[in-house]
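Novice: Here is what each chain is made of, one letter per residue.
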Amino acid sequence: MFKALSDPTRRRILQLLRQRPMTAGQLAEHFDCAKPTLSAHFSVLREADLVESEKVGTSITYSLKLSVLEDALLSFAETVGVGVRSGERLKPATRRVK
Amino acid sequence: MIDRRTALTCVTLITLMLVAAVWRVIALDDWTTFTVDNGRALPSLLLFFFPACCALVVGALYWDGVGAKADDAKLQPWRSWGRSLSIGYCGGLLLLQGVLIVGSLGFIMPFDLSAISRGLGLLLAIMCLLAINRIPKLPWFERKVAPGGNLGPIYGPRYMRIQSWVVVVFMVAVMAGNLVAPRAMGWRAAGYILLATVLLVAWSLVWRVHLGRKWKLEQVTARPKP
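Protein chains in written order, with the numbering used here: chain A, 1 to 98; chain B, 1 to 226.
A couple of the hints might just be wrong.
[Claimed, not checked] So the derived label-pair ranges between C-beta atoms look like this:
1. B:Arg5 to A:Leu69: 28 to 34 Å
2. A:Thr58 to B:Leu179: 28 to 34 Å
3. B:Gly59 to A:Lys35: 47 to 53 Å
4. A:Glu47 to B:Leu179: 35 to 41 Å
5. B:Val169 to A:Met1: 35 to 41 Å
[Stated by the list, open to error] Which residues of chain A face chain B? A partial, calculated answer using Cβ under 10 Å:
6. Val44
7. Arg46
8. Lys65
9. Leu66
10. Glu70
Bear in mind the hints are in silico, worked out from the structure with no lab data behind them. Keep in mind it's a predicted model, so treat the numbers as computed, not measured. C-beta: ideal position from N, C-alpha, C; glycine also.
With the sequences and hints as input, model every part of the structure.
Specialist: Structure representation (structure tokens):
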């Protein structure tokens, strides 16, 4: 779980999922990285039991599965900036899906 | 949410508590009060407080599952969660009541019973805290009868998550307050806790209705116009 929360990209995925469940495609719109990289992030989050995936037709919908303690740890890691190198800029996670 | 078998187990534990309380009260000279090991007199009604708390919690958990609109796969995690919580809660309170009754019998004990009861109370509170901590991990399901109606897949999990957050913070505050508060405060703190609980329930209901309306409005605006 700590490994899953230590990566800024995975934390951004969780923050996006806080707003609403999203498909893999909708989530990918918020990131510049390649789809296989994102899939690897999704599988780490799934293994840590932080997200739940549901296959609907051809797309996979991800939804948040955080306990209160995990949610608090996510907020803490985000505030402290665990895993973010100095000077690194991240796109805001609050961007809405078109 | 609990299944019938868990409910029956809990009812058996509650019956045991009631029998123990009635037996202790009948054996008293003065039915209104009983004396615990440190010489403190407590109201006899306190012995019925434990089964009442259990009945409230088990009843609420059972009622939660009555109007569930979901398939069995979604309800199964809720049932196992409810089973561990309800049996743990009833068993813990039965032990606590047992310690209180043994303490009132006047036996000379080699250990401090009040310390044991405080430890049991703390363990129970931690168990409840861990159970509530897990709620947002459980799948959201709609109920047939609920204030505000359906919340949908967006507002339902959000409501459950934030409500769990609030309850955990509230419980931590109550536990910290109980540990820090002077002993002289006694039962006066219970009144404040009760008031805060009522306010919490009222806020939760109002917020649920608000989210239900929001979801309904979104459904109406998303519907294609003819």
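Novice: Name the hints, by number, that the structure is in violation of.
Specialist: 2, 5, 6, 7
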